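One line per chain: the protein sequences are A and B, in this order.
When we follow my numbering, the leftmost residue of the first sequence carries the number 1, and every step to the right adds one.
When we follow my numbering, the leftmost residue of the second sequence carries the number 57, and every step to the right adds one.
Derived Cβ-Cβ restraints for the label pairs, each shown as a range:
id : chain 1 : residue 1 : chain 2 : residue 2 : range
1  : A       : GLU17     : B       : THR305    : 45 to 53 Å
2  : A       : LYS12     : B       : ASP269    : 37 to 45 Å
3  : A       : ILE21     : B       : SER443    : 56 to 64 Å
4  : A       : GLN26     : B       : GLN316    : 38 to 46 Å
5  : A       : ILE21     : B       : PRO260    : 41 to 49 Å
6  : B       : GLU601    : A       : ALA34     : 22 to 30 Å
7  : A       : MET23     : B       : ASP554    : 44 to 52 Å
8  : A       : GLN26     : B       : VAL445    : 53 to 61 Å
9  : A       : MET1      : B       : LYS245    : 32 to 40 Å
10 : A       : MET23     : B       : ASN491    : 57 to 65 Å
11 : A       : GLN26     : B       : ASP320    : 33 to 41 Å
12 : B       : ALA586    : A       : MET23     : 17 to 25 Å
13 : B       : GLN316    : A       : GLU17     : 52 to 60 Å
14 : B       : ASP444    : A       : ALA34     : 52 to 60 Å
Examples of chain B residues toward chain A, derived with CB under 10 Å:
id : residue
15 : ASN336
16 : SER584
17 : ALA588
18 : ILE592
19 : MET599
20 : THR610
21 : LYS617
22 : PHE618
Quick caveat, the hints were computed from the structure, so don't treat them as lab data.
None of these values were measured; they are calculated from a predicted model.
Glycine residues also receive a C-beta, built at the ideal position from the N, C-alpha and C atoms.
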Amino acid sequence: MATVKGLYDLIKKEQAEGKPIGMFEQSIIDAFEADKGDKKTKEVDVSFVKNKDETN
Amino acid sequence: MPAPILGLPLLLQAIATIGVGGAVGYKAQKDLQPVIKALKNSPEDMGNSELKMLRALLLPNQAVAQELKDMTTSKSVGTTGDGTVIGPRIEDIEKQKKDFEIILKPPTRAPEPAKPVIEIFPDQPKIKQDPPVQPEVDLETKESFPDLSEEINKPQIFEQKESKGIMGTNSQEGGKIIKDVTAGVSGQKDTVPSLLEQGALAKPIKDFFNEDDQVVNYKIGDTIGAYGGTVERSLDIEANVKPDFNIDTFGEVIKERAKQFNQDAVFVAESVPADFEGANVGFSLDFGSDLKMKDALNISDQLSETAQLDGFTFKIKNLDTSGSSIYLPQNIIDADLTEKAIKRYGVTDEINKAGFMMPDGQMLNFSRNGNVRDTEHRRVNLTMGGSDVNDFAPMYDFMNKTGAIRLTGNANRLYAELSAKPSNTQLKKIVDEYNNNREKYDSMIISITVPEKGKGSGQFGQPKIEAQEKGIDLRKQDYRLPNEAFYEVHGEKANATDILNKFKSTDVAGKTFTGIRQLNIPNFSNISDAEALKKIRNLQNNMGEFIESTGLKTLDKPKTKFYNTKLYTKGKDY
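With these hints in hand, go ahead and build the complete structure from the sequences.
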C-alpha cells in the first residue's frame, strides 16, 4: 500500500539522483514538508491598489 | 468540496480505493478577493450590469456586501482637488499599516473564528434583490411548494465569513489543529434537481454543522461535479472543524441524505497529517482564466480520456455574465432599443403576424401584407442601425439586449426561441396562445439558443450553423443538466409552470469554472509507492499535454493535501 511518506521518500530519492521533478511531485514535496515542518511563517494575501491618478 | 459525481459505477469503484482531496473552507472567502480587487480598481457606477451582477452574487453575505459598498464608496473613491480618485485614502493606508503591525506580532492566542456561514438555500430568509426589470405575472401553479421564481434569480454562490487564523491542516485555533472536512453528495438521479431540492438536500447538513460545537465554520454551496463525461448538480460542502469533530457522526448525516435521495454513493473526508494511516493525496489546480460551462464540459471529457483520473470537480466562482445565457438571473433590458423596435415595426395582438415578443408581452408586428408574418426575423438588425439582414448574430444580439423571444406562429407549430431567461409574462402568453388555439397548432416548441457573435451567415430561414453549434440545444446535449429545460408538447395541453420549473433546474449552469478542485489518483491505497508515483507522473504528463493542447492557462503549481476518506455505498452502508 502506498503511503504519503513512501511517496515522498521516493520522489526525494529520485530527485537526489538528478531526475527532474514535475509540478505534481513538487506539490507533494511541499505539502509533506509543510506538514512535517515546524512552521514559523504564515501565508498572507496582500494586494496593492495603484492610485489611478498617478498614471494620468 | 464539490463532490465527484457519485452515483456512477466507475466512481463507486474508484472512490472506494482512493483518497479525496478538497479545498478548505476559507477558500470561498479567498475566491472573493479578485472580485473585491476588481471593484477597488473600478470607477464604474454600481448601477451598471456587471456590478449589479456582483452585488447579486454578494447579497448572500451581507457582511461582504457591506465591505464592498464601503470600499467602493468611502474607501476606494475619494474626492481631491483633482476630482474623484480611485484608491486608498491616507487614513485608510495608516489604518492598514497598523493592522499589519498587529498581524505581524507573534500571536499570543488565535482569535475565535466566526462560525456562521451564509448560504441561500430556500429555507433561508429571503434577501431582497433588485426588482426585475420586467413586470411579473403570476403563473398558474399546481405546486405544493412555494414558488421560487425569486430564488431562481439569485446566483448560487455561498460564502463564509472571514475566519482569521485558519489555514488548512496547519491552522491552529488556540494551539489546536483545525481540520478541513468535506463531503460529496448529490440529489440528482434522472432529473437535475431544482434549487428547492438542493435546499432540501442541504438543510439537515446545515443543521448538523450549526449544532456541532466542533464546527468552526462551514459552507454548503450549489455546484456541479464531473466524472467521465457526466455532470451532476451536487452540493459543495466544506467545513473547518476542531480536533474532536467526529467524522463518523457527520458521515451518518451524509448517509441519511444519500438514502433519502436514493443515491448510489456518498463520501466524507477529513484532512489528515501526512503520516495518518491510509492518508492519500488530492490535488487542486487553478485555471488562469474562467471557463464557461461548455468549455468546462470539454475539459471534463478530455481530462477523463487523457489523464486517467478517477474523478474531479470544478471550482465554481461566478456567474457567467458574458454573452447571453438562459441561466442568467435576468438580462438587463435595453429600453431604448425596445422602444425603437416598437416604433419601427409596431405591435400586434396576433401571434401569426408577430416576429418577436418583448418581456412585457408586446409583440412586434412583422407582417407587411397584414395577413401573416412575412418579414424575416433577421431584419430586426435594421432597428439597431445595422444593414446586414442575412446574419443571425445581430438578431440574437437584439434578443439578448431586449429580452425578446423570437416567434414563429404562422404555421401549425408554435415555435418560440429564447436566448435569455424569459419573463413569466412571455411564458404565460405563449402557453395561453397555444392552449387557447388548439385547432391551429399541432405542437409547441420552446427552444433555447446561446449564439456566438461574429460568425458567418446561415442559410435562408435556418439558423446559422455556428450559432446552432454554439447554442445549447437542450435536446441534443449528451450532458444531462440542460436537458431538463427544453419544452415541447404535441397535442397535449402546455403548462407554463412546468416550463418555469424546468428553468429552475438550469441556474447552476450559469456559473464560471475557475479550477479543478480535486484530481484523484486511482487505486492509491492498493498500490505500491512506485506505482503511485508512476500514476502521478502519468497524470502530470497528460495534464501538461492537455494544458498545452487546449491553451488552458493555469495559475501556479497544483496544491496537495492529504485526506482520510470514507466512502459509503448504497446497500452496504445505508
